[in-house]
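Peer 1: Sequences listed follow chains A and B, in order.
With our numbering, the residue at position 79 of the first sequence is 79, and numbering never jumps.
With our numbering, the residue at position 39 of the second sequence is 39, and numbering never jumps.
It is worth saying that the hints were derived from the structure and are not from the lab.
Built from N, CA and C at the ideal position, the CB exists for glycine as well.
Worth double-checking, as some hints may not be accurate.
Claimed, not checked - The calculated lysine to aspartate or glutamate pairs, modelled on EDC-like cross-linking and capped at a C-alpha distance of 20 Å, are:
#: 1; chain 1: B; residue 1: Lys42; chain 2: A; residue 2: Glu109
#: 2; chain 1: B; residue 1: Lys37; chain 2: A; residue 2: Asp40
#: 3; chain 1: B; residue 1: Lys37; chain 2: A; residue 2: Glu109
#: 4; chain 1: A; residue 1: Lys78; chain 2: A; residue 2: Glu52
Claimed, not checked - Which chain B residues face chain A? A few, computed with CB under 8 Å, are given here:
#: 5; residue: Pro34
#: 6; residue: Ser43
#: 7; residue: Leu44
#: 8; residue: His45
#: 9; residue: Phe46
#: 10; residue: Asp49
#: 11; residue: Phe89
#: 12; residue: Gly98
#: 13; residue: Leu99
#: 14; residue: Thr100
#: 15; residue: Phe101
#: 16; residue: Gly102
#: 17; residue: Leu103
#: 18; residue: Gly104
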Amino acid sequence: EAGVTQSPRYAVLQEGQAVSFWCDPISGHDTLYWYQQPRDQGPQLLVYFRDEAVIDNSQLPSDRFSAVRPKGTNSTLKIQSAKQGDTATYLCASSLGLGGSTGQLYFGEGSKLTVL
Amino acid sequence: GEKVEQHESTLSVREGDSAVINCTYTDTASSYFPWYKQEAGKSLHFVIDIRSNVDRKQSQRLTVLLDKKAKRFSLHITATQPEDSAIYFCAASTYAQGLTFGLGTRVSVFP
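Chain A extracted, bound-state conformation:
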């Protein structure tokens, strides 16, 4: 069974540029999460979806970050006008059902973003 796939694995931007990260969850997983993991810190939840619906995006800096999952499968996280403080690894995870109720999340390898 294929795991969670993310691309690109690395991105280097100048401040003010935009970037999109793509995630393909495990087949059949209805819940998809985006986490931000700054260097030497724990993952911080940005947004998560059940199928195509946003369940919680309260931690997403909405002025510059956006996330979609239009068909309830793949998802895209976009950062517009990146700032140095956005430097982090962006992790996508998926689960069957909402993770807190049904168990483990499966994480992708992450997309490492450096903003110069």
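For chain A, the structure is supplied; the task is to place chain B on it using the hints.
Peer 2: Here is chain B on its own, set in the frame of chain A:
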């Protein structure tokens, strides 16, 4: 919202000894407490979890203890091996919520 504090940032243990990582949480509604492991250069993978209806769960060399009154939970690794060297993250969530993670504990097992 939920806040999870992981008390040890680093832990150095001799091979064969035990390691304990302690976490506390703030939301009394939290009911699910998983642990994830992150090896160097890799992503997180699940190791063990506990739900609030029990206070102890064991899987091979790993044991998780939960003290709901103190809002504290811990991961115990016995007979540590070199492959246990990694960063361990504790997390908490209420039913049907996203996980809130701690900052991580870097465990180093030396011979």
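Peer 1: Is the shortest C-beta separation between His45/B and chain A less than 8 Å?
Peer 2: Status holds, d = 7 Å.
Peer 1: Do the alpha carbons of Lys37/B and Glu109/A lie within 20 Å of each other, as the hint requires?
Peer 2: holds, 13 Å
Peer 1: Does Gly104/B hold up as a contact with chain A if the rule is Cβ-Cβ below 8 Å?
Peer 2: holds, 5 Å
Peer 1: Does the alpha-carbon distance linking Lys42/B and Glu109/A stay inside the 20 Å limit?
Peer 2: holds, 6 Å
Peer 1: Can you verify the interface hint for Pro34/B: is its Cβ closer than 8 Å to any Cβ in chain A?
Peer 2: holds, 6 Å
Peer 1: Starting from Lys78/A, check that the Cα of Glu52/A is at most 20 Å away, please.
Peer 2: holds, 16 Å
Peer 1: Return the status of the interface hint for Phe89/B: holds when the least beta-carbon distance to chain A is below 8 Å, violated otherwise.
Peer 2: Because about 5 Å separates Phe89/B from the closest Cβ in chain A, which is inside the 8 Å limit, the hint holds.
Peer 1: Grab the minimum C-beta distance from Asp49/B to chain A and call the hint holds if it beats 8 Å, violated otherwise.
Peer 2: Asp49/B check passes; min Cβ-Cβ to chain A is 7 Å, inside 8 Å.
Peer 1: Please verify that hint: Leu99/B, Cβ, nearest Cβ of chain A, below 8 Å or not.
Peer 2: holds, 6 Å
Peer 1: Should the hint that Thr100/B touches chain A count as held when the rule is a Cβ pair under 8 Å?
Peer 2: holds, 7 Å
Peer 1: Under the criterion of a CB-CB separation shorter than 8 Å, is Leu44/B in contact with chain A as hinted?
Peer 2: With a minimum Cβ separation of about 5 Å from chain A (threshold 8 Å), the hint on Leu44/B holds.
Peer 1: Return the status of the interface hint for Phe46/B: holds when the least beta-carbon distance to chain A is below 8 Å, violated otherwise.
Peer 2: Hint holds; Phe46/B Cβ to chain A Cβ min 4 Å, cut 8 Å.
Of the hints listed earlier, there is not a single one the structure fails to meet.
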